[in-house]
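> Sequence:
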Amino acid sequence: MEKRIQIIVALLACGISISAEAAVLVTNPGGLSNPINTLNVSISEEVGNMSLATMNGPHGPNIIRQTLTLDTTDGYPTTAGGAAPLNTANNNSVVTPRRTITFQNTGSSFFHLASGGNHQSSGDQALIAEGAAHITTVSFDEPVLFVGFTANRVFEELTVRVFSDAGQIGGDFTIAPNGASGHSFFGYQSSAENIMYFEVQKVSGGNQYGLDDITFGVVIPEPSTALLLLVGAFVLRAIRLR
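Residues 373 to 614 in this note's numbering are what the sequence shown spells out, letter by letter.
Just so you know, the hints here were simulated from the structure itself, not pulled from any lab data. Predicted model only: the values in this text are computed from it and were never measured. All residues carry an ideal CB built from backbone N, CA and C; glycine is no exception. Incorrect hints may appear among the rest.
Computed Cβ-Cβ distance ranges for the label pairs, DEER-style [stated by the list, open to error]:
no., residue 1, residue 2, range
1, 434, 489, 36 to 42 Å
2, 576, 540, 31 to 37 Å
3, 537, 575, 23 to 29 Å
4, 474, 593, 36 to 42 Å
5, 553, 575, 18 to 24 Å
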């Protein structure tokens with residue numbers, strides 16, 4: 373019994389160490405804690421149930437927001453032509469300390485990172501989708517609490533949908549055209565940390581638009597909660613081994 377207690381204490385010590393390490397936000401790609409809209413562009417429309425000011429925070433001590441500003445200095449390589457290797461192919465992923473984000477596009481003739489043309493609200497690049505009707509999907513490897521992005525230089529109406537594993541949540545949201553120099557914001561927070569992906573659909577037209585400041589929020593356990601969970605798990609395991 374004494375040996376089991378020593379093993380449990382040792383595992384708990386490891387668990388506390390791992391928990392503390394996981395709470396450190398490693399900004400690689402960099403700038404994940406930067407606010408949305410670092411270029412301070414004029415936002416003509418806010419869509420969804422979460423405002424830009426609320427999403428930028430501050431948030432509670434157990435909520436972390438991460439924002440992909442798509443800046444080449446933050447680890448997104450670029451070619452001489454300004455397009456990064458997120459080009460036409462589907463299932464391109466970006467790994468962050470909290471989630472792996474996968475970008476997929478259905479029906480678009482182009483899908484890439486590019487610079488210029490008022491497509492950005494932060495950094496020097498944006499995710500560009502152009503061509504005929506298509507759907508851009510941004511998914512997460514684990515559930516998130518809230519999602520957001522800016523839709524820039526939009527010429528045709530966009531429809532945004534948010535999904536959990538159980539199906540669509542929150543209904544359809546519409547982003548109106550905002551013109552060659554326009555910028556709109558979409559934000560949605562679920563009542564539970566259950567958002568698995570969102571999609572942006574362009575129903576018609578052949579003009580490009582930019583998505584930037586792709587954002588998500590996650591809940592991290594408070595240290596005391598994490599410790600209690602670890603203690604409970606190891607105590608239950610010790611009881612089973614008796």
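> Decide, hint by hint, whether the structure agrees.
Taking the hints in turn, this is what the structure says about them:
{"no.": "1", "hint": "434 x 489: 36 to 42 Å", "in the structure": "holds (39 Å)"}
{"no.": "2", "hint": "576 x 540: 31 to 37 Å", "in the structure": "violated (22 Å)"}
{"no.": "3", "hint": "537 x 575: 23 to 29 Å", "in the structure": "holds (26 Å)"}
{"no.": "4", "hint": "474 x 593: 36 to 42 Å", "in the structure": "violated (25 Å)"}
{"no.": "5", "hint": "553 x 575: 18 to 24 Å", "in the structure": "holds (23 Å)"}
Going down the numbered hints, you'll see the structure goes against 2 and 4, while the others check out.
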